[in-house]
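This is what each chain is made of:
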Amino acid sequence: MNHAVTLDKEKCKGCTTCIKHCPMGAIRVRNGLAHILDERCIDCGVCIKVCPHKAKKAVCDSLERLSEFEYNIALPAPSLYGQFHNLEDINVVLQGLLDIGFDWLYEVSKGAEIISSVTRQYIVSEKDTPRPLISSACPTVVRLISMRFPKLLPNIITLIAPFEVAAMNARREAALRTGLSADKIGVFFITPCPAKVTAGRYPLLMEKPVVDGVISMAEVYKKILLAMKKIKNPPQLSQSGAMGIGWAHSGGESSALPQKQSISVDGVDNVINILEDLENGVLLQVDFLELNACNQGCVGGCLTVENPYIAQSNIKHLMESLPASSPKMEMGKELLLELRGEKPLQYSPTLKLDDDRAVAMKKFVRIEALTQKLAGLDCGSCGAPSCRALAEDIVLGHASEDDCIFRLREKMQKLTGSSEANEYLPPPFRKREENEEN
Amino acid sequence: MDVMHCTYDIDGDDFTSAGEASGKMKRVLRKIGVDFEIIRRCAICMYEGEINMVIHANGGTADVYVDVDSVKIELKDNGPGIPNLDLAMQEGYSTASEEVRNLGFGAGMGLPNMKRYSDEITIATRLGEGTTVTMMVNFNEKVRRGSFESCGNS
Chain A
0 MNHAVTLDKE KCKGCTTCIK HCPMGAIRVR NGLAHILDER CIDCGVCIKV CPHKAKKAVC
60 DSLERLSEFE YNIALPAPSL YGQFHNLEDI NVVLQGLLDI GFDWLYEVSK GAEIISSVTR
120 QYIVSEKDTP RPLISSACPT VVRLISMRFP KLLPNIITLI APFEVAAMNA RREAALRTGL
180 SADKIGVFFI TPCPAKVTAG RYPLLMEKPV VDGVISMAEV YKKILLAMKK IKNPPQLSQS
240 GAMGIGWAHS GGESSALPQK QSISVDGVDN VINILEDLEN GVLLQVDFLE LNACNQGCVG
300 GCLTVENPYI AQSNIKHLME SLPASSPKME MGKELLLELR GEKPLQYSPT LKLDDDRAVA
360 MKKFVRIEAL TQKLAGLDCG SCGAPSCRAL AEDIVLGHAS EDDCIFRLRE KMQKLTGSSE
420 ANEYLPPPFR KREENEEN
Chain B
0 MDVMHCTYDI DGDDFTSAGE ASGKMKRVLR KIGVDFEIIR RCAICMYEGE INMVIHANGG
60 TADVYVDVDS VKIELKDNGP GIPNLDLAMQ EGYSTASEEV RNLGFGAGMG LPNMKRYSDE
120 ITIATRLGEG TTVTMMVNFN EKVRRGSFES CGNS
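Chains as they are written, first to last, in numbering that gives the first Met the number 0: chain A, 0 to 437; chain B, 0 to 153.
Check the hints yourself; a few may be wrong.
Unchecked claim - Sample of chain A residues at the chain B side, in silico, Cβ under 8 Å:
| no. | residue |
| --- | --- |
| 1 | K150 |
| 2 | P153 |
| 3 | N279 |
| 4 | D354 |
| 5 | M360 |
| 6 | P425 |
What the hints assert, rightly or not - Straight line, CA to CA, 27 Å or less: simulated DSSO-like cross-link-like pairs of lysine-lysine:
| no. | chain 1 | residue 1 | chain 2 | residue 2 |
| --- | --- | --- | --- | --- |
| 7 | B | K30 | A | K362 |
| 8 | A | K150 | B | K71 |
| 9 | B | K23 | A | K361 |
| 10 | B | K23 | A | K351 |
FYI, nobody ran anything at the bench for these hints, they're computed from the structure. Since the model is a prediction, treat every value here as computed from it, not as a measurement. Ideal Cβ positions, reconstructed from N, Cα and C, are used throughout, including at glycine.
Pulled out of the complex, with its shape left as it was, chain A reads as follows:
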């Protein structure tokens, strides 16, 4: 599995900021560099957001790749519209995309409207699927569930993503219109986050990728902003309504459904909490659960440029002047079949200590004992996010007890037989005074 999130080795200072924030405990600092453990990464992008040195980045496709194709189509995610101040007309942004080199575009918000209407059918027809149904729109959430909450896999709505619907429709329509063969047409998704870069390359529910590349919103933003200044009266290019554009922020996907009974949760820690609750058997009296790993939803993606709260307000402003949704499309039963995922979601256990349960238990007992022995400061100096994580790394053979500076210090003290080394202790370890308050 390749991830879109990678490390710029030149910029990484080997500090421990990212290991502390990673919700999956998937980063270790080794030899001055913060390495991502691929099998644990869910592409949430938190490390990209928190890195003070901008050393974590998403590997996206560049606009230069447009030269590989005869005809290029842009698939802008709706969150793109939230990036511009005082934007009154979406067509300005869309014309901007054409001006920077695309030949045509197909809005992902239109794909989202198709998915919304199919989801309405899905909720009615899939009576036997456990409730609440969980949206599959956020790839980070789907990966998180498949790693940590396998019990909830059957709750996931197995419809493909809005950008995939958009890509298939765009390529089909463009082939008809231009007479070009499908492989001469380049279809590029403009993404707010690295999770969708990975999902574009390694689809969650489809056998093969349907986009030719995924381009970062931040890269497109810079180019488009210049182009937009020259646009006065853009033609009508937008084909989606408020419903599709609302998918850009948390709550938008739910409000496109007639079911009043839905909950929208955003932010990866909040998402983990609600999944824990669900797994514990807490009954949520709802049909639909919209989960977004980023704060405020897709407008909070780490490849966007605007503050997510401002972007959300921009999106809401745009929605006010738009019709509820694009002109009604034919929504037959066939479409529901076509938009269903081709492959099942699979449990990928990453937490298991050993395939043999007895061995795993022995390892667990050792990890527990070792955790007790460690300083408990969770200082990160060993390169692991916590003392417990270090203990686990040691037992699994990926680290040594000497990696802990406090253990090493004790060892040296014993070797030298001197107590002098113990005279200076860092503040967290100095003995509490008898009358100390607090």
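Given the structure of chain A, go ahead and fit chain B onto it with the hints provided.
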């Protein structure tokens, strides 16, 4: 191989922390590769027990013993005891206060769920002294015994 033993304190004053111990137990079971359906059953048993201890008994302790093929959950409290165990085992029967019900708990499914999701449950309760609920969940056995006994109900 020794049995793995973890003890968790259940804070009786804190509704918001109920479920923490069950969450911790879940992580243990996941780490050793127990089937996720079994983990879910264990988690429900423990979670319901925790909530019960918070609602009725001002907290207590949870001891979890993990063996290679089973888990034993022992929930001990020094609460008021259960006056009528037969009634308490009935679905929907609840003595929880209005306040607790307003918080979304106290639907009378605690003990019935613990019975349903465990393979064996033993409840020892003494009025004014406290209650100990012991539950077993087997990892491998396909057919569940579903035995249920109570003892020491005064």
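Do the hints match the structure? See the list:
1. K150: holds, 5 Å
2. P153: It is violated, given that the least Cβ distance between P153 (chain A) and chain B is near 11 Å, above 8 Å.
3. N279: holds, 5 Å
4. D354: D354 (chain A) check passes; min Cβ-Cβ to chain B is 7 Å, inside 8 Å.
5. M360: Constraint on M360 (chain A) satisfied, holds at 5 Å.
6. P425: violated, 29 Å
7. B:K30 - A:K362: Distance of about 9 Å is within 27 Å: holds.
8. A:K150 - B:K71: Distance ~22 Å between K150 (chain A) and K71 (chain B) Cα, so the pair holds.
9. B:K23 - A:K361: Since the Cα atoms of K23 (chain B) and K361 (chain A) sit roughly 18 Å apart, the hinted pair holds (cutoff 27 Å).
10. B:K23 - A:K351: With a Cα-Cα distance of about 15 Å, the restraint between K23 (chain B) and K351 (chain A) holds, given a limit of 27 Å.
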